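> Whole structure, please, built from the sequences with the hints as guidance.
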Amino acid sequence: MTHRIAILGTGNVAWHLARALENAGHIIAHIYNRDAQKAKQFGLDYFNASTGSSLNLSEINADIFILAISDDSIEEVASSLSLPENAILCHTSGSKPLKVLGYAPTENIGVFYPLQTFSKGKKVDFENIPICIEAENRFILDALRALGDSISSKTQEISSQQRKAIHLAAVFACNFTNHMFTVAQSILQNQEMDFELLKPLIVETLNKSFEIGPERAQTGPAIREDLKTLDLQFDSLKSDPELAEIYRLISQHIIDYYAN
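Its first residue numbered 1, the sequence shown is counted upward by one per residue in the numbering used here.
In case anyone wonders, no lab produced these hints; they're calculated from the structure.
Predicted, not measured: the structure shown is a model, and the values here were computed from it.
In this text, a Cβ means the ideal position worked out from N, Cα and C, and glycines have one as well.
Hints are not guaranteed to be accurate.
[What the hints assert, rightly or not] For each label pair, taking beta carbons as the anchor points, the in silico distance ranges come out as:
| no. | residue 1 | residue 2 | range |
| --- | --- | --- | --- |
| 1 | V203 | L243 | 34 to 42 Å |
| 2 | P105 | I223 | 18 to 26 Å |
| 3 | D235 | S153 | 47 to 55 Å |
| 4 | L168 | V203 | 21 to 29 Å |
| 5 | D235 | S80 | 50 to 58 Å |
| 6 | Q162 | Q191 | 40 to 48 Å |
| 7 | P105 | A36 | 16 to 24 Å |
| 8 | A259 | S80 | 36 to 44 Å |
| 9 | L197 | S54 | 20 to 28 Å |
| 10 | E211 | M180 | 15 to 23 Å |
| 11 | D45 | S153 | 21 to 29 Å |
| 12 | S80 | N12 | 18 to 26 Å |
Structure, rendered in structure tokens:
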């Protein structure tokens with residue numbers, strides 16, 4: 001079934017989701033941003049899309065409205081909307097519950113959360129991205145499942161509590177990990193070396209974590225309780241007290257985890 005979809009937001013998630021949905025045969029009917037110029041610029045890629053900064057969307061010819069905006073804005077925007085009769089409204093947040101849409105002008109509410117890190121211009125394979133859906137009634141759930149199935153082979157029903165845990169786990173597995181890559185890159189660059197040097201190590205670490213499990217895949221001075229190496233590396237970070245403390249805390253956490 002082809003849907004006419006309104007995308008509220010013009011950030012990373014909106015950019016990728018709009019393209020994936022259009023490629024699946026759906027029609028991107030409207031783009032909203034509180035900055036009308038940003039909405040207009042985003043909408044240039046979609047022939048059928050109207051654009052605007054008004055939250056009165058009652059005359060927009062769309063049946064699914066997707067809130068792909070910052071978590072802190074969802075409740076305010078949802079409660080200020082005017083929508084067509086029988087329209088479905090869903091948000092794409094990993095950390096916000098379904099009930100954040102409780103003040104929206106429709107009972108047809110749901111969650112459509114693609115579990116992936118998105119950056120504009122960087123292609124992703126939506127076919128293998130988990131789409132976490134949630135709704136309070138079967139009609140909305142089935143509609144969101146069909147929408148998810150049109151772009152991914154991994155659509156699944158996930159509760160708000162489960163999605164909250166997934167998002168927290170993703171912060172550790174993705175966001176914190178990537179920041180550690182940034183730290184590692186800086187350490188190497190200070191010695192005029194390239195981050196690419198670590199690629200085989202990083203790839204093997206990820207592959208091994210999925211092959212044998214991250215707990216068994218752990219290596220390094222902390223799990224060995226190699227205190228001399230730990231002290232030496234800690235001392236080398238003393239010019240950056242915050243980073244030295246991060247090193248100490250993570251190393252101690254590894255030691256304590258495997259001691260139990």
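> Check the structure against each numbered hint from earlier and tell me which ones fail, lowest number first.
Of the numbered hints, 1, 2, 8 and 9 do not hold.
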